[in-house]
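Engineer: Residue strings, one per chain:
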Amino acid sequence: MLKVSEITIPGLAPISFELVAGECLGISGESGCGKTRLLRAIADMDEMDGSVCIDSLCQQDVSGSDWRKQVALLPAESQWWFDTVAPHFSEDNVDFASMGFSDEVMNWSVTRCSSGEKQRLAILRLLANRPKVLLLDEPTANLDAENSRKVEALITEYLVNNNASAIWVSHNHDQLQRVVSERYFDFSRAAMVSI
Amino acid sequence: MNTLISLSAYDLMLASLLVLALVGLTVRLNLGIAQQLVIAAIRTTAQLLLIGLVLKQVFETAQLPLIALMMLVMLTVAAWEVLSRQKRKIKGWWGFGISGLSLFVSSFLITMIALFAIIKTDPWYTPQYAIPLLGMLLGNTMNGIALGMDRLIQTAWQQRAVIEQRLMLGQTAVEAIREIRHESMRAGMIPIINAMAAAGIVSLPGMMTGQILSGTEPVEAVKYQILIMFMVTAGTGFGVVAVLHLISKRMFDSRDRLRFDQLLAEKMQDFGQQ
Numbered sequence: 001m002l003k004v005s006e007i008t009i010p011g012l013a014p015i016s017f018e019l020v021a022g023e024c025l026g027i028s029g030e031s032g033c034g035k036t037r038l039l040r041a042i043a044d045m046d047e048m049d050g051s052v053c054i055d056s057l058c059q060q061d062v063s064g065s066d067w068r069k070q071v072a073l074l075p076a077e078s079q080w081w082f083d084t085v086a087p088h089f090s091e092d093n094v095d096f097a098s099m100g101f102s103d104e105v106m107n108w109s110v111t112r113c114s115s116g117e118k119q120r121l122a123i124l125r126l127l128a129n130r131p132k133v134l135l136l137d138e139p140t141a142n143l144d145a146e147n148s149r150k151v152e153a154l155i156t157e158y159l160v161n162n163n164a165s166a167i168w169v170s171h172n173h174d175q176l177q178r179v180v181s182e183r184y185f186d187f188s189r190a191a192m193v194s195i
Numbered sequence: 001m002n003t004l005i006s007l008s009a010y011d012l013m014l015a016s017l018l019v020l021a022l023v024g025l026t027v028r029l030n031l032g033i034a035q036q037l038v039i040a041a042i043r044t045t046a047q048l049l050l051i052g053l054v055l056k057q058v059f060e061t062a063q064l065p066l067i068a069l070m071m072l073v074m075l076t077v078a079a080w081e082v083l084s085r086q087k088r089k090i091k092g093w094w095g096f097g098i099s100g101l102s103l104f105v106s107s108f109l110i111t112m113i114a115l116f117a118i119i120k121t122d123p124w125y126t127p128q129y130a131i132p133l134l135g136m137l138l139g140n141t142m143n144g145i146a147l148g149m150d151r152l153i154q155t156a157w158q159q160r161a162v163i164e165q166r167l168m169l170g171q172t173a174v175e176a177i178r179e180i181r182h183e184s185m186r187a188g189m190i191p192i193i194n195a196m197a198a199a200g201i202v203s204l205p206g207m208m209t210g211q212i213l214s215g216t217e218p219v220e221a222v223k224y225q226i227l228i229m230f231m232v233t234a235g236t237g238f239g240v241v242a243v244l245h246l247i248s249k250r251m252f253d254s255r256d257r258l259r260f261d262q263l264l265a266e267k268m269q270d271f272g273q274q
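Each protein sequence line maps, in turn, to chains F and X. FYI, our numbering numbers position 175 of the first sequence as 175, with every residue one higher than the one before it. FYI, our numbering numbers position 247 of the second sequence as 247, with every residue one higher than the one before it.
So that you can see chain X by itself, here it is in the shape it has in the complex:
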């Protein structure tokens, strides 16, 4: 077994020269992206070093409260991230509740299932497994949830006249929004379906590559990658189903009336008065 070759600070500086060369080129060509590039490079260095130190601490102590706190912070940040990707802002705390709950289903529950039933770590919260698994699930399922949510709200808003027409014909809220929900489910699931189809042929997934670099037997790494793929797919699917259900519930009231005023933050005095 080969072991991981440790990188020195000098090695990272060499890598940073590549970015600096790019910055130099963009300044010379007047492409106006140098400042953003430098700030992003500094941010990624600082954030990753910081998380490295935090993880070192968490791994060494392996105390449940600390791990739980870290998971909670990750979930909260992911929920905000989903909301910030929406074109139309959801009113009040509902948006945060809806995206938080969907991410909980898509990532937290799936991670727990993996830890308890599949990998069977001992203790179950062993941070070397729990934290990276949750992180990978959050990062990947967040995309699908944000996409599905955005598509549902945007399409329903653009087609509000059609939805109301269908309600006027005696359709229920569920019937009136059926096609839009199908389309939103598709929008949320397409990225992960494509990723599964391309895995191994077009791209080598990041986690597998990382494990191989650190000396894991390729077939072992592949097994973990397949596990992750299935978890991300299931998580994305359940998460998108949850977010679509919660958003469409909020979009209508108990009388099956279309109520963007209780879903969206924008002013809509003109709505329904033409």
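Isolated chain F, as found in the complex:
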């Protein structure tokens, strides 16, 4: 479904791989090795050699914003630019209850949310676009164990229900074991490893 061909990150050999629909591929490796740059290249946030396609639709076939609605990148730390939660959501089909929020959450002030609440809201905000591919850049890096499990469950459920694919970057090997379908890409060895 997602086909990454010959993406070239400075200092690394070109990277190519393919994901089948519904697959969650893990990525592990030390910080600074290029994991974030790989995800940014797939989301078309940086200029990079190589090509990325979903089935027959490639990056350059659609505008940058249309591509990023389908290939959604979730950074470790989310950014918020309005005072309250509500204006960050343009769609009204958001299921806040699925993440353990009441409808009251729309009136919350963003500065008063905990990092766990912010990350769960950031995921709801991202999923509102109904993306076909999720790029998760250490999505639970700032969360405690309980919140991490909630995030894992929500994303796994989305992938199953929508037959969407994901690339999950994590330092935590136990987490990768839980969420990854069958294999992960080890950046330090530049090789695919079966879980």
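Keep in mind the hints are simulated off the structure, nothing from the lab. Since the model is a prediction, treat every value here as computed from it, not as a measurement. A portion of the hints provided could be inaccurate.
Stated by the list, open to error - So the derived list for chain X, only partly shown, Cβ under 7 Å to chain F, looks like this:
{"hint": "1", "residue": "R160"}
{"hint": "2", "residue": "A161"}
{"hint": "3", "residue": "V162"}
{"hint": "4", "residue": "Q165"}
{"hint": "5", "residue": "M168"}
{"hint": "6", "residue": "G170"}
{"hint": "7", "residue": "T172"}
{"hint": "8", "residue": "R257"}
{"hint": "9", "residue": "D261"}
As the list claims (entries may be wrong) - Computed from the model, here is a short list of chain F residues facing chain X with C-beta under 8 Å:
{"hint": "10", "residue": "R68"}
{"hint": "11", "residue": "K69"}
{"hint": "12", "residue": "Q79"}
{"hint": "13", "residue": "W81"}
{"hint": "14", "residue": "D83"}
{"hint": "15", "residue": "R125"}
{"hint": "16", "residue": "L126"}
Unchecked claim - Distance ranges between label pairs, derived from CB positions:
{"hint": "17", "chain 1": "F", "residue 1": "D61", "chain 2": "X", "residue 2": "M112", "range": "56 to 62 Å"}
{"hint": "18", "chain 1": "X", "residue 1": "S254", "chain 2": "F", "residue 2": "A191", "range": "31 to 37 Å"}
{"hint": "19", "chain 1": "X", "residue 1": "M112", "chain 2": "F", "residue 2": "P10", "range": "34 to 40 Å"}
{"hint": "20", "chain 1": "F", "residue 1": "S114", "chain 2": "X", "residue 2": "A198", "range": "21 to 27 Å"}
{"hint": "21", "chain 1": "F", "residue 1": "E47", "chain 2": "X", "residue 2": "K87", "range": "39 to 45 Å"}
{"hint": "22", "chain 1": "X", "residue 1": "S254", "chain 2": "F", "residue 2": "S114", "range": "38 to 44 Å"}
{"hint": "23", "chain 1": "X", "residue 1": "L22", "chain 2": "F", "residue 2": "P87", "range": "50 to 56 Å"}
{"hint": "24", "chain 1": "X", "residue 1": "H245", "chain 2": "F", "residue 2": "F17", "range": "39 to 45 Å"}
{"hint": "25", "chain 1": "F", "residue 1": "W81", "chain 2": "X", "residue 2": "L213", "range": "31 to 37 Å"}
Every residue gets a Cβ at the ideal spot worked out from N, C-alpha and C, and that includes glycine.
Fit chain X to the known structure of chain F by using the hints.
Structural biologist: Same frame as chain F, but now just chain X:
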């Protein structure tokens, strides 16, 4: 009608004694500004005398090429001035092009409209009208353009993580920078809006005061001042719109990616690699 009382060199020397007295006081109080003060006073005397001689020449000959050349020099200097007020320097000739084009819209075009359609001078380039009008428009709209440009670049730079977050959510470049553009437009327009609100009550604008001193009927001077105010407001507005449009175009590429590397001169190897 009273006529203008001519000032002699002696009168100006008397006025300069006031500045000299100030210099004496600051030296005595050890305030460390005397040297700058003296240099600035000498500069203003020399520059104004020089421009007076140039204007005398231009007014007497009233030849189009000479007037056009003078206007071009004024525009160029104003464009550099806008750039030099920016905290973050724009890469290469783009900055000069962007500020020059915006000033052309804000001052040059507006001056032409005033000369052709409103004042209807004959010939249109009559220097007694064309040069001071352009000068006043450049001087006043330059502020708004420099402020709006600085606010846009500074805010976007500080909020680059937010802009990228919005792009990641599928917003276009225009959507991702909308609030920052609104704020920059406001920053550029506030000074002239305040000036219009205060005119006549808090302050008597300089041009009107000058005309009254030289013997013009106050109501005539007021009419000219209102004309100038409207021209400066329109010029500032169109100029700020132009500069914001051009800068935000340059800030993103055709794939709607945030590209400070093609806008700003600073080195940014770390950008986007955390």
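Engineer: So, for every hint listed, does it hold in this structure?
Structural biologist: Evaluation of the provided hints:
no.	hint	result
1	R160	violated (10 Å)
2	A161	holds (5 Å)
3	V162	holds (5 Å)
4	Q165	holds (4 Å)
5	M168	holds (5 Å)
6	G170	holds (3 Å)
7	T172	holds (5 Å)
8	R257	holds (6 Å)
9	D261	violated (9 Å)
10	R68	holds (5 Å)
11	K69	holds (3 Å)
12	Q79	holds (4 Å)
13	W81	holds (5 Å)
14	D83	violated (12 Å)
15	R125	holds (7 Å)
16	L126	holds (7 Å)
17	D61(F) <-> M112(X): 56 to 62 Å	violated (45 Å)
18	S254(X) <-> A191(F): 31 to 37 Å	holds (35 Å)
19	M112(X) <-> P10(F): 34 to 40 Å	violated (51 Å)
20	S114(F) <-> A198(X): 21 to 27 Å	violated (48 Å)
21	E47(F) <-> K87(X): 39 to 45 Å	violated (26 Å)
22	S254(X) <-> S114(F): 38 to 44 Å	holds (39 Å)
23	L22(X) <-> P87(F): 50 to 56 Å	holds (54 Å)
24	H245(X) <-> F17(F): 39 to 45 Å	holds (41 Å)
25	W81(F) <-> L213(X): 31 to 37 Å	violated (52 Å)
The earlier numbered hints that this structure contradicts are 1, 9, 14, 17, 19, 20, 21, 25.
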